[in-house]
Structures are given as structure tokens and as C-alpha cells.
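Chemist: Sequence:
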Amino acid sequence: MKILLIEDEKILRISLSKTLQRAGYAVYPCDDGGKAISILGKEIFDLVLTDIRLPGKSGLDILKHIQKKHPNIKVIMMTAFGSVESAVGALKMGASDYLTKPFSQEELLHKLATIRDYQFIEKENIELKQKLNLSKKIIGNSPPFLNLIEKVSLTASSDHSILIEGESGTGKELIVDLIHEMSDRSKQPLIKVNCAALSESLFESELFGHEKGAFTGALKQNIGRFERANGGTLFIDDIDDLPMSLQVKLLRVIQENEIERVGGDKTISIDVRILAATKVNLQKKMEDGAFRDDLFYRLNVVHLPVPSLRDRPNDIPLLAAHFIGKHGSGHHITPAVMNLLQSYPWPGNVRELENAVIQMIALSQGDTLVASLLPKYLQEQKNHKPNPIDSSLSQTISSSEKTLIKEALEKCKWRQTDAAKLLNLPRTTLRSKMKKYGLVNN
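Here this note's numbering is used: position 278 in the sequence shown is 352, and no number is missing along the way.
Treat the hints as calculated values from the structure; they're not laboratory data.
Just so we're clear, the structure is a prediction, and the values are computed from it rather than from any experiment.
Mixed in with the good hints there might be a few duds.
As the list claims (entries may be wrong) - List of simulated lysine-lysine pairs, DSS-like, C-alpha gap at most 30 Å:
| id | residue 1 | residue 2 |
| --- | --- | --- |
| 1 | K76 | K92 |
| 2 | K109 | K261 |
| 3 | K225 | K480 |
| 4 | K166 | K109 |
| 5 | K400 | K340 |
| 6 | K143 | K323 |
| 7 | K131 | K84 |
| 8 | K495 | K358 |
| 9 | K175 | K225 |
| 10 | K353 | K294 |
| 11 | K476 | K509 |
| 12 | K76 | K286 |
| 13 | K225 | K266 |
| 14 | K76 | K166 |
| 15 | K510 | K487 |
| 16 | K359 | K266 |
| 17 | K485 | K450 |
| 18 | K143 | K166 |
| 19 | K450 | K480 |
| 20 | K480 | K495 |
| 21 | K166 | K142 |
| 22 | K450 | K487 |
| 23 | K359 | K400 |
| 24 | K286 | K225 |
| 25 | K261 | K225 |
| 26 | K507 | K476 |
| 27 | K266 | K294 |
| 28 | K142 | K185 |
| 29 | K495 | K450 |
| 30 | K353 | K266 |
| 31 | K266 | K358 |
| 32 | K495 | K510 |
| 33 | K76 | K143 |
| 34 | K76 | K131 |
| 35 | K225 | K185 |
| 36 | K76 | K185 |
| 37 | K323 | K261 |
| 38 | K143 | K92 |
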């Protein structure tokens, strides 16, 4: 905890500083109210411990300033016995607590510990609410999806670049939001840019910014996405659409951690975490010579493949229920419709499923969503019969997988944690597959 101590009596200020430092607090002592307000504009503090009567600005003036400019900072007021009424008034204004002089070290440290514990709980609650709000958008419990979320939780807190690969509509941007919210940069900006939405001539200006008069139409200075994301995260979507001519410029920025605005000659240092997304196999594109290998390896420090919806059909009922709750009111889907939804390959993935649910709700005349409300191409799934070759292949793969899992379990004496490591699978995925193949009770 970082504390700004404001006390004009030198002996008391030195004594309190030593007490706080011995207790493990970082202390910034100050003897003047006006100076303290100036310091608050330059440094970040968790708590201010201030006398009420001070030269320059009073403790109450400082409290008012903190309430207006730095509402997250806690304040403890120190007051002489005759000024207790002022301290009580400070509590009504938003101070966390007060101390009446003379006070003991134990009393001071007890009050600080109480506030520190409260701040910790408050921070945990904020983080939990953020995760809960985001988790409402992240829907699924199938093994491929849970495997993805496990990888996200393992890598989110690092500062490594992440390449997110998945078809259009799979929810790559939601994964980006989740990574940022779980990262140490969550309180800093998350700035997004889409390579497919910008022309080559505009992209450099959008990414790096430009100075006034840098080109025709540059009537004022523009701060680019990298500068706006400084301290936080930059998400570059559809990185596979980035022209080769710009790939080398992006690579230089990632390597050097600095940019120059278009038309400028000033070098600007940046601290940005890069998240990039691709809708195609970027490694294959690199191997074909259409994407720089050095940039690929810079971006692909962590690789997160997002499964298509056809690879997680068991999540479709959950997703459909989520979209009904989002866009409808008391609607429900018949089992026949759910069978159609789960048998369709969904080339547009989750986005296409949401659109289908919206259409059913819009056309419905009651609470029941029936097959006739589905888009025509989905209704035609009624007559779709599985390809016997596909079924045979699926059965063969399942049989081989069951044998492999059983052999691993036997080798590890049925210790699931060891078997999961041997198979290079998350334990939750192994457990799910054991249930699928009837291996749980062995």
C-alpha cells in the first residue's frame, strides 16, 4: 500500500514515516496541503493520511480534491482533540476514518490494516464482477471450448503476443475481450483495429497516427491506435489481410516498441500487448510466401485456435438458449428444431446461429419456436441423411481414441492427472472423454 502522509509538525511526520515504513508501507511524506494536491496529480496512492490543519490547503480541502479527482483513494484524517467535530464532518464528506491526537502506533496500524483488507476485498469484487459480466457472453461447456478457455486462463496474465485463429463468426473478439479482462492490463485501454476494413493508404495513419499536413486532407494531428493503446492492449483483427508492404512496418514497431507518426520525425516509445486474429491458417499463408515469417513468429508466441461451431455441437442448446434470452421473451425451441440446429454444419458459426434464432423470434406468433420459422436452407436439413463413409470414419476415430485413452490410464494406474499429462490433454477434457467412452468406473 502506497501512502501520502501530510503532516506539518516535523517530529510527528518523521515518527509516523518510520512507523509506517517498519510496517511495510511505502510512504511519501509531505508538510504542506498545497504541495500535497500537486503530488496527487503526479503520483498514484492507495491512501492519504492527513492532518486537518495544514499550511497551504487544509485537510478538508485535500479531501474535497480527492473526492473529485481521485475517488478510489482512501483518506484518514488526523485531528487534535478539540477538532473532533471537523473529523466527524470529514467522515460525512467521504473520509474512511479519523485519528484523534495523540494516538498509539497500534491504533494507527489497526485502522490501516482494516482499510487495506477492505480495499483487497473491494478489488476482488470488481474483478469478479468483470469476469461474471464477461462470462455471460462466453457460452459453452464442450471439451473443445473448455480446452480453449483453459488456455486463455493460463496465458492471459502474461505479456506475450497471442495469435487467435478461427473461422469467421466463431467469437474471436469475445476471446480477445476475455484475455484483456483477465490480464494485468485490464485497467488500461483495449484498442481494436480491423485490417480488412481499412485501405492500405489509411491503415498506416490509423495504426501509427499522422501529423497535421502529413498528406492531403490531414487537417489536424491524429493519434494512432498504438498510442491510444499505450499501457494496454492492441487487437489487430484479420491480420491475414495486412499487405506485405505494411507487415514490415508492423514488425519494426513490435521489435523496437516505438513508432513515428506519418509526416513526423519524433520517435514515440510505446508499451503495448499485441493480440492478433486470423480467419485463415496463417502458418500456411506464411509457407506460401504471402505472410512474412519473422512477423508470424513475433505474433504467434501463443497460438489459440478457436473451434468452429460444428466442432462443438453440444454447445448449440446453451447458445440458442442464450440468444433467446438476449433477443426474445419467454420463447422456447422444440426438440425437433434443436435436432435441426445440431445437425447443421454452421459455416457462419455462432454468428449465423444467432441470426437464425433472431429470425425465428421475429417471425413467431407465440412462445414456441417451430421448424417452419427457420431459414429455408435449415429446414431442408430434415431430409439430410448422414454419409455412411463419414459415419464409418467417425466410428473408427472414436474406437482408436478410446483404445489410446484406456492404454494411457492403465499405464498410469488409472491416475487421471498423470494420464492427462501423458496424452497432453487438460484433465477436464480427459474426464469428459472417459465418460463418453464408459471408462469412468474402471
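Chemist: Hint by hint, say whether it matches the structure.
Modeler: How the hints compare with the structure:
no., hint, in the structure
1, K76 with K92, "14 Å, holds"
2, K109 with K261, "28 Å, holds"
3, K225 with K480, "25 Å, holds"
4, K166 with K109, "25 Å, holds"
5, K400 with K340, "48 Å, violated"
6, K143 with K323, "39 Å, violated"
7, K131 with K84, "17 Å, holds"
8, K495 with K358, "29 Å, holds"
9, K175 with K225, "54 Å, violated"
10, K353 with K294, "35 Å, violated"
11, K476 with K509, "11 Å, holds"
12, K76 with K286, "41 Å, violated"
13, K225 with K266, "22 Å, holds"
14, K76 with K166, "24 Å, holds"
15, K510 with K487, "20 Å, holds"
16, K359 with K266, "23 Å, holds"
17, K485 with K450, "51 Å, violated"
18, K143 with K166, "18 Å, holds"
19, K450 with K480, "44 Å, violated"
20, K480 with K495, "14 Å, holds"
21, K166 with K142, "15 Å, holds"
22, K450 with K487, "52 Å, violated"
23, K359 with K400, "38 Å, violated"
24, K286 with K225, "44 Å, violated"
25, K261 with K225, "22 Å, holds"
26, K507 with K476, "8 Å, holds"
27, K266 with K294, "22 Å, holds"
28, K142 with K185, "24 Å, holds"
29, K495 with K450, "46 Å, violated"
30, K353 with K266, "16 Å, holds"
31, K266 with K358, "25 Å, holds"
32, K495 with K510, "19 Å, holds"
33, K76 with K143, "17 Å, holds"
34, K76 with K131, "21 Å, holds"
35, K225 with K185, "41 Å, violated"
36, K76 with K185, "15 Å, holds"
37, K323 with K261, "28 Å, holds"
38, K143 with K92, "29 Å, holds"
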